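J.: The residues making up each chain are set out below.
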Amino acid sequence: MKNLLEINNVVKKYGDFTALNDVSLNIPKGSVFGLLGPNGAGKTSLIRIVNQITMPDSGSIILDGEALAPHHTAQIGYLPEERGLYKSMKVGEQALYLAQLKGLSKAEAKKRLKYWFDKFDISAWWNKKIEELSKGMAQKVQFIVTVMHNPKLLIFDEPFSGFDPINAQLIAKEILQLRDEGATIIFSTHRMESVEEMCDEIALINKSNKILDGKLDDIKRQFKTHTFQVGLNTDNPTEVKNKLKENFEVYPSNFKLLNDSLTMNVKLTEGNTANNLLSFLTSRGEVQHFVELIPSANDIFIQAINKNI
Amino acid sequence: MSKLKLIIQREFIAKVRNKSFIMMTFLSPILMIGMGFLVVFLMKKNDEKIKDIVYVDNSGMFSKEDFKDTKTIHYEDYTALGAEETKKKVEDGNYYGALIIPKQDSLELLAKSIEFYSKDSPGMSLMEALENKIEQKIRNSKLTNFGMDLDKIEASKINTDIKMFNFSGEESSKLINGLKIGLGSIAGYLLMMFVIIYGNSVMRSVIEEKTSRIIEVIVSSVKPFQLMMGKIIGNASAGLLQFFIWGILLLIITTIASAVFGVDIVEMQAARVPSEQVEAAKQAIEPDKMQVLIQEILRLPILKMFILFIFYFLGGFMLYSSLFAAVGAAVDNETDTQQFMLPIMMPLMLGIYVGFATVMNDPHGSIAVLFSYIPFTSPIVMLMRVPFGVAWYELAISMAILLATFIFMVWLAAKIYRVGILMYGKKPTYKDLYKWLKYKG
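Top line first, the protein sequences correspond to chains A and B. According to our numbering, numbering within the first sequence proceeds without interruption in unit steps and concludes at 368. According to our numbering, numbering within the second sequence proceeds without interruption in unit steps and concludes at 444.
Bear in mind the hints are in silico, worked out from the structure with no lab data behind them. Source: prediction; values computed, not measured. No residue lacks a Cβ here, since even glycine has one placed at the ideal position from N, Cα and C. Mixed in with the good hints there might be a few duds.
[Said to hold, decoys possible] Pulled from the structure, derived: some chain B residues nowhere near chain A, Cβ distances all over 12 Å: (1) G39; (2) I117; (3) F149; (4) D154; (5) D164; (6) K166; (7) E212; (8) I217; (9) I218; (10) E219; (11) P227; (12) L230; (13) L244; (14) I310.
[To be verified] Not close to chain A: a few residues of chain B, all C-beta gaps over 12 Å, as computed: (15) K8; (16) A17; (17) N61; (18) I76; (19) K90; (20) Y192; (21) V222; (22) M412; (23) Y433.
[Unchecked claim] The calculated lysine to aspartate or glutamate pairs, modelled on DMTMM-like cross-linking and capped at a C-alpha distance of 20 Å, are: (24) B/K429 to A/E141; (25) A/K274 to A/E256; (26) A/K146 to B/D335; (27) A/K266 to A/E152; (28) B/K8 to A/E152; (29) B/K441 to A/E256; (30) A/K61 to A/E260.
My request is simple: use the sequences and hints to build the entire structure.
T.: Okay, structure coming up:
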């Protein structure tokens, strides 16, 4: 079984509003899957369907080879974007309660909680009420109750919001470690740099439709424009530029080199290769900088959405 | 452990540990009984103060015999002083009031021209006592004028006392009817209070989960229906616990209090009834009648009433609290609940009013019977009727209707609840709620 989660042709309507229009996704086992999209695209609707909080109007969902059923909630851990805990309940009691709701026995839940509380060095909070903790502290507790039952599938909706950079890094490390231990992770965020850092695959949802999905590397390849960032040390920059324009598309570039060089972005036109460009450049001066421009997740996001509008 | 059980447990503990629950459970019976004793005490104190009333009898009809001192009134004859002087004296002095009886030609005129002067406006009971006194005197005079023998009239007075039996041959006393009304009213009123207090508590608990945003975490583990039912059952258990504690406390405190202060319960209840009636009641209870009363009390279906109270409490509470839960789910904060509360409170109020208005007059009248079938009022009205004895088939119909409605309402409320708990922002209208009912899954 290659995919842990298969979402097939899911449609969800609220009255006249279509929240998800025939969305299909495959989420490979052991991957970090980025679920991206602008606000109101339908991500939360999809996540709620996977969590069985709501039911799809049509379509099917397969978790680890089985049609999604109520008992699967024990195999899913969900950290919603809008999160919270019972404010007047003690940390330990609350964590135990939530663990038991996920199907752990009380003894087992205690054991696992002790492990996590020690790991995060927060055992001293056990008898504190949530309202006595800071937001960041409460978030740590929330993270623990999301993962403590060792779910096969973890769904994180904006997991880093509310964390300072140090704790955000700690959480990112934990998420990747959970993946290495075999969990599959759905990761929904608007912070594109963390998508770069963490995701193996992504899917982009816009206006209730999936508009893009696949391996992040493949998508980058698909979105690259064959443009190179070039830095050249030459005596006659204007002439080089004009000569280049005969065979390539030349755009201004805004990066800086240490010595006074000609800098520009050059896009390959039909029939040209990177080597053609490079050999032309070496014949005109000393090549200081030659890098292919790879689109960032951020660029891809913006481009894909704009194209979709 | 099943998830429902876990939720019930959490809700129960969260409720019972709450400071206001503990306060209400242990303080309110003490307060209630304290108030009762205070009222009795104050009434005794109030009666102890003797009012000095002076009278001027210009008609010459009344004698000292007619104005005999009572426990609370001391009369003084100021006829010699004259009406004007007496009034002045009363106004300046420490007297309570002055009764002026003028001289008139006919008894009819006299009856209309008697005056009473006082600095404070006198109480109803005092005026009634004075009027009764004068009325009787004038009536007697008239009877004598008609040539009748007062002694014979006195001798002809007879006290009729119809003894009541039921068909199993047990004698019953009339006093017991008052007791039955009292018991029924207390049960019905208590039920309404419990439904409102605990229904509100369910609603607040739903709103709390929404505002603290834990709701999405919870419903990713359990079904919204389980959460709602867990909440309702947890709160109902807390309510029952409170009810039992009250019962036990009431028993203990009353026993101790009557032993210590020597105020016995019969007197406490009698204190609420105007004193003349108490006199009448005391006369009515002759030793053998007292026995009948006690037997009657023992024969009251206490166990049946208790079981029915629990049943109607649970049925009524579940019916209403599912509505409270739906309202809590529909809104974001407590201030938005008001528009939805009215339709919930109306039938509860109606139950109480209909209960008091109809059951007291005729516990088996058609209106009382009708309202003890309607599921939104039946818990209250039926509980009021139960002490008077309700046919088993009526109970069965009422309970069946309540049960069926409760299941339907829970199903309906769960649909609103399920959608509402995940909706934030706009305050919903009734139209929105209707739309939510039609959402799938």
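J.: Now look at each hint and say whether the structure bears it out.
T.: Tested hints:
Interface exclusion of B/G39 from chain A stands, the closest Cβ pair being 35 Å apart, more than 12 Å. Distance check for B/I117 against chain A: the nearest CB is about 69 Å away, which clears 12 Å, and the non-interface claim stands. Against chain A, the non-interface label of B/F149 holds: every CB pair exceeds 12 Å, the least being about 82 Å. The beta carbon of B/D154 is kept farther than 12 Å from every beta carbon of chain A, the shortest such distance being approximately 80 Å.
Residue-level check passed: B/D164 sits 62 Å from the nearest beta carbon of chain A, beyond 12 Å. The non-interface label for B/K166 is consistent with chain A: the shortest C-beta to C-beta separation is roughly 61 Å, beyond 12 Å. Listed as a non-interface residue, B/E212 fails to keep its Cβ farther than 12 Å from every Cβ of chain A; the least gap is roughly 8 Å. At the 12 Å boundary, the C-beta of B/I217 falls inside the reach of chain A, the nearest C-beta of that chain being 5 Å off.
Consistency note on B/I218: stated as away from chain A, yet its beta-carbon is not over 12 Å from all of that chain's, at 8 Å minimum. The Cβ of B/E219 does not lie farther than 12 Å from every Cβ of chain A; its closest approach is about 4 Å, which violates its non-interface assignment. The Cβ of B/P227 does not lie farther than 12 Å from every Cβ of chain A; its closest approach is about 8 Å, which violates its non-interface assignment. B/L230, annotated as away from the interface, has a beta carbon of chain A within 12 Å; the closest lies near 10 Å.
Every CB of chain A is more than 12 Å from the CB of B/L244 (nearest about 20 Å), matching its label as outside the interface. In this structure B/I310 is separated from chain A by more than 12 Å, as the shortest Cβ-Cβ distance comes to about 34 Å. At roughly 10 Å from the closest C-beta of chain A, the C-beta of B/K8 falls inside 12 Å, breaking its exclusion from the interface. The beta carbon of B/A17 sits about 7 Å from the closest Cβ of chain A, which is not more than 12 Å, so the claim that it is off the interface is violated.
At roughly 78 Å, the least C-beta separation between B/N61 and chain A is larger than 12 Å, which holds for a residue marked as non-interface. Every beta carbon of chain A lies more than 12 Å from that of B/I76, the smallest distance being close to 60 Å; the non-interface claim holds. Even its closest Cβ contact with chain A, about 69 Å, leaves B/K90 beyond 12 Å, as expected for a residue assigned away from the interface. No beta-carbon of chain A is positioned within 12 Å of the beta-carbon of B/Y192; the least distance is around 31 Å.
Listed as outside the interface, B/V222 is inconsistent with that label: its C-beta sits roughly 5 Å from the nearest C-beta of chain A, within the 12 Å cut-off. For B/M412, the requirement that its beta carbon stay farther than 12 Å from each beta carbon of chain A is met, with the minimum near 23 Å. Annotated as non-interface, B/Y433 keeps its C-beta farther than 12 Å from every C-beta of chain A; the closest such distance is 15 Å. Taking the CA atoms of B/K429 and A/E141, the gap is about 17 Å. The hint holds against a cut of 20 Å.
Distance hint between A/K274 and A/E256 is fulfilled; the C-alpha atoms sit about 14 Å from each other, no more than 20 Å. The hinted pair formed by A/K146 and B/D335 meets the criterion: a straight-line CA distance of about 17 Å does not exceed 20 Å. In summary, the hint linking A/K266 to A/E152 is not supported, as the alpha carbons are separated by about 41 Å, beyond the 20 Å threshold. Proposed proximity of B/K8 and A/E152 is supported: the alpha carbons are some 16 Å apart, at most 20 Å.
Distance restraint check for B/K441 and A/E256: the Cα-Cα separation of roughly 43 Å exceeds the 20 Å cut-off, and the hinted pair is therefore not satisfied. Simply put, A/K61 and A/E260 have alpha-carbon atoms about 14 Å apart, close enough for the 20 Å limit, and the pair holds.
The structure fails hints 7, 8, 9, 10, 11, 12, 15, 16, 21, 27 and 29 (numbered hints given earlier, in ascending order).
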